[in-house]
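Trainee: Protein chains in written order, with our numbering: chain A, 1 to 330; chain B, 1 to 330.
Fair warning: there could be bad hints in the mix.
[To be verified] Among the chain A residues that face chain B by a calculated CB cut under 7 Å, a handful are: (1) Q91; (2) N114; (3) E143; (4) I146; (5) S150.
[To be verified] Stretch-level coverage of chain A by chain B, calculated; a stretch enters the list once three of its residues show a Cβ under 8 Å from a Cβ in chain B: (6) 116 to 128; (7) 132 to 139; (8) 234 to 247.
Calculated from the structure, these hints are not laboratory results. What you are looking at is a predicted structure, and each value in this text was computed from that prediction instead of being measured. Here a beta-carbon is modelled for each residue, glycine too, at the ideal position from N, C-alpha and C.
Below, each chain spelled out in residue letters.
Number of protein chains: 2
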Amino acid sequence: MKRILEAYRAEIEGGLARALTGDAPLRPLLRYHVGLEDEQGAPTTATGKLLRPSLVLFVAEQLGASPKATLPAAIGLELIHGFSLIHDDIQDRDRRRRGRPAVWTICGIEQAINAGDLMHALAIAAALESSPDAAGCLIRATEEMIEGQSYDLEFEHRTASPDEYLAMIDRKTGALLRCAFELGGIAAGVNGPVRSALVDLGHAVGRAFQIKDDVLGIWGADDVLGKATGSDIRRRKMTLPIVLLFERIEGADAARLEHLYRDAEDVEIGPTEVGWVVEKLDGLDVQSTCEALIQRHLDEAAERLESLPFPDDGRSRMHELIDYLARREQ
Amino acid sequence: MKRILEAYRAEIEGGLARALTGDAPLRPLLRYHVGLEDEQGAPTTATGKLLRPSLVLFVAEQLGASPKATLPAAIGLELIHGFSLIHDDIQDRDRRRRGRPAVWTICGIEQAINAGDLMHALAIAAALESSPDAAGCLIRATEEMIEGQSYDLEFEHRTASPDEYLAMIDRKTGALLRCAFELGGIAAGVNGPVRSALVDLGHAVGRAFQIKDDVLGIWGADDVLGKATGSDIRRRKMTLPIVLLFERIEGADAARLEHLYRDAEDVEIGPTEVGWVVEKLDGLDVQSTCEALIQRHLDEAAERLESLPFPDDGRSRMHELIDYLARREQ
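Assemble the whole structure, with the sequences as input and the hints as a guide.
Mentor: As structure tokens, this is what we get:
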């Protein structure tokens with residue numbers, strides 16, 4: 001059902017292993033973080049979906065680029081994603097990442113800052129192996145992603161409007177997904193309308209992907225996601241459902257919500273209160289608004305896809321992936 | 001007495017301002033950090049020595065490269081240096097940087113991680129404007145620098161030997177200084193022996209520069225350096241003098257030193273104990289060993305310099321700078 005995510009896995013894992021090889025400082029920690037190794041350095045397969053590099057390689061292939069010359073850029077993108085997660089987990093004091101201990105819980109915050117910094121440098125070095133254009137594209141996306149992360153942290157201290165929130169995720173998570181599609185285009189040497197259509201497709205897929213993440217962060221099942229249902233509420237994470245709830249809630253409920261999200265920042269929201277927030281979300285139809293938004297972006301993605309000069313088989317595989325993103329439970 | 005550090009100042013400050021322009025997130029913080037603005041955003045001139053970018057432009061000019069095409073790489077190098085200081089101050093919990101509040105004390109650790117990350121991305125983007133080779137050289141130096149920082153943090157938990165310490169500073173501070181000379185050579189398109197001689201010159205200058213820093217961190221005057229004399233002792237910083245002291249000290253003194261540096265990591269070393277450490281350093285001739293090492297590297301630098309195809313005036317300006325580095329009080 002998601003051939004794009006399976007087709008390139010071995011190639012990407014090989015590329016990651018090559019980029020992070022050796023016993024130089026921090027390397028074992030980086031291999032642990034991307035899921036190539038466990039804490040003891042034994043090989044493991046916890047590399048996650050590898051969505052971004054798979055997209056790079058898939059798009060490049062559809063447009064006739066050489067997979068070999070494209071791989072370093074795809075690896076660079078995955079490493080930028082990885083670096084951002086290392087620093088993100090420090091910033092949010094998240095102790096778990098994909099069901100495993102976060103890097104900073106293993107080596108401390110100080111070394112984890114270094115580990116992220118090194119992964120950032122190795123990422124751009126990898127992209128530069130593909131081409132200067134690929135490196136430039138990846139750096140611009142990285143800048144946007146960091147700006148988005150900066151907004152995200154800011155929104156912990158004030159309530160963002162839904163529009164502000166969407167502008168934030170367009171940067172924080174959207175930038176790297178747009179970059180995935182664009183890197184595929186760069187590898188194939190496309191410019192003009194095809195390149196724009198790729199970026200637009202990336203934008204739509206990115207929106208759908210992130211909003212789905214937000215929905216799963218509140219209504220996702222424990223065991224599948226590797227984190228507890230409602231965990232985003234417990235940690236007062238300002239995701240789209242919460243931003244919409246703040247916009248819709250009124251009266252005494254609004255005051256209670258405000259109190260919950262603004263006070264006692266160092267104490268997690270307890271199970272009773274989490275239950276209350278979910279009840280309010282359901283009562284105000286927030287989930288269905290989110291699902292409708294996801295669908296709108298998926299439709300938009302499908303439309304953009306039609307305009308791209310992909311072979312029929314490629315187009316159908318991309319549709320498959322879009323469907324999968326809409327229905328996934330993790 | 002240090003014409004190299006004066007000749008390019010206006011050009012470099014202009015380049016930094018262009019690279020960090022605008023109101024996008026974190027930009028004002030980055031301009032503050034490099035010393036273009038104060039905390040309120042008013043223009044200021046606290047950009048420091050600008051040693052690294054000055055060296056890039058100087059070397060490029062001596063070898064006949066276009067200053068205009070070289071500037072972005074020089075700016076990139078200064079921004080990598082700046083990014084490393086932002087993260088370094090977080091890791092060391094240093095509240096001051098060049099006599100001003102460190103970035104993290106202004107915006108918090110979380111946003112300061114982002115600020116460093118953004119400056120890292122902008123740095124490579126700048127170098128890429130010069131050439132892919134320049135970007136590649138800068139990225140490799142960045143990787144080495146981060147590895148050095150990783151060793152430095154490790155040495156807070158165990159006593160490094162003098163050799164291990166020197167290997168660490170060759171990465172942590174040496175890498176960017178070697179890179180300064182190499183970027184100048186890359187701009188001029190030199191390869192082979194000239195490029196190697198540039199790297200060797202950078203290595204010697206880097207060693208002399210860092211060991212001088214270590215000496216100033218213990219015996220430097222308060223007002224000039226913007227931090228108190230003995231501040232590296234107070235903070236238990238493992239610099240070359242301390243590493244040498246650990247190697248030389250014996251008996252009860254060794255036990256007392258061990259106790260001072262290993263115990264009560266969260267308490268600063270008090271003035272009496274700082275005085276005792278300085279007394280031991282002086283009694284065991286540590287300062288003169290450091291000064292001799294600085295001189296050896298300065299001699300080596302002078303020797304490498306002779307082998308470079310610089311015009312006479314350029315060679316004499318470089319000698320001047322080497323002299324200045326050896327004698328500076330800050």
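Trainee: For a quick check of understanding: which of the numbered hints are violated here, in increasing order?
Mentor: 8
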